[in-house]
Amino acid sequence: MNAGPDTNLHSLIIGTGAIGQRHLRHLAELAPGGRYTFLRRDLNSRAVDADYAPRIVTDLDAALALQPDLAIIASPSARHIDVLPKLIAANIPLYVEKPIVITGPDVDVIAAVLAAADPDVPRLAGFNFRYLPSLEALYGLITSGALGHIVRAHLSAGQWLPDWRPRIDYRTVYSARPELGGGVLFDLIHELDLCRWWFGAPHRMHAMTDSLSALNLEVEDCCTALLGFKRGPLVSVGLDYVARQRLRRYEVVGDEGTAIWDLAAQRLHVERPGGVIEVIAGPEGFDVAATYPTALSELLAAIDARRNGKPRPPSLAPRQDLLDGLASSRLAIDLKEAAPQ
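Taken in order, the sequence shown gives residues 2 to 342; the numbers are from the numbering used here.
A few of these clues could be false.
Stated by the list, open to error - Label-pair restraints from in silico Cβ distances:
1. Arg23 to Leu67: 22 to 28 Å
2. Ser214 to Arg168: 20 to 26 Å
3. Ala265 to Asp121: 39 to 45 Å
Bear in mind the hints are in silico, worked out from the structure with no lab data behind them. All of these numbers come straight from a predicted model, not from anything done at the bench. We put the beta carbon where it would ideally sit given N, CA and C, even for glycine.
Use the sequences and the hints to build the structure in full.
If you want it as structure tokens, here you go:
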């Protein structure tokens, strides 16, 4: 699918690791004929360069002077703060991988810059699970009252860290390195973002984190968080780098029914007194890989409308703007700081 009639999109890419390359592939499909600038710390070429013929720069000001139409930030999250303020102030449309930043002071900096910037510039937070059809359906069950009054929820996510990138020593990757923003609270932040999406801002919270497995990490490999929301529900979130079978399973309990979402089983169903109601089953509603181009195409449509001087209807606003994504980052930061050391 093409993003629009203008295919001469100039994209600034910051971070060309695995996730950055994923975005590049989707950009090439959605906006063929585009131009690319890669911001790096050095001018050395990488294997990925052969596919995109990029201009390589080592200075953000030099990149901004080239007037990109879009910037994708896919560098380690601890380094986002190095580039985000200037990109926001320059009113460059953005796709920023989650988490947006990883310290409280950095949240404050970004919030202040956003407050002074053009609010109509599309800026998308990269919490791509919000684009998963089965989770959109679960959101509908929660917010429509179909489950009755929600009293409790539990979200679990985990996977054996060495299995994530089997060709790479897991101790060297972003996830395992505290200086880059690793650890399960930031790395598996989707579950915290979903809690905010479904239930709003928590008004009380507790967390425990530790490194307990044989992985011997310098970051937390497990976390249990408890969140309380006004008028309910009480929510527990369990995250780990240890589960030997990939796990992502959510349970939402209301007084009219219980919804259970299971990524591995590819099933969303509701348990009621009279039996079980199947809501979504099968791969189409659970295709996480498909959420990336869906999110990017939404952003590109908003950029195309802006570039061509068209009014942007609400349907072309990014589903989750940067300020909302910043709030999910703040929640992860607060939980990390609240956890006893």
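Now the hints, each set against the structure:
For arginine 23 and leucine 67, the hinted distance range of 22 to 28 Å is satisfied, since their beta carbons lie about 23 Å from each other. The hint said 20 to 26 Å for the Cβ distance between serine 214 and arginine 168, and at roughly 21 Å that hint holds. Range check, alanine 265 to aspartate 121: Cβ separation about 41 Å, and the 39 to 45 Å hint holds.
Of the hints listed earlier, there is not a single one the structure fails to meet.
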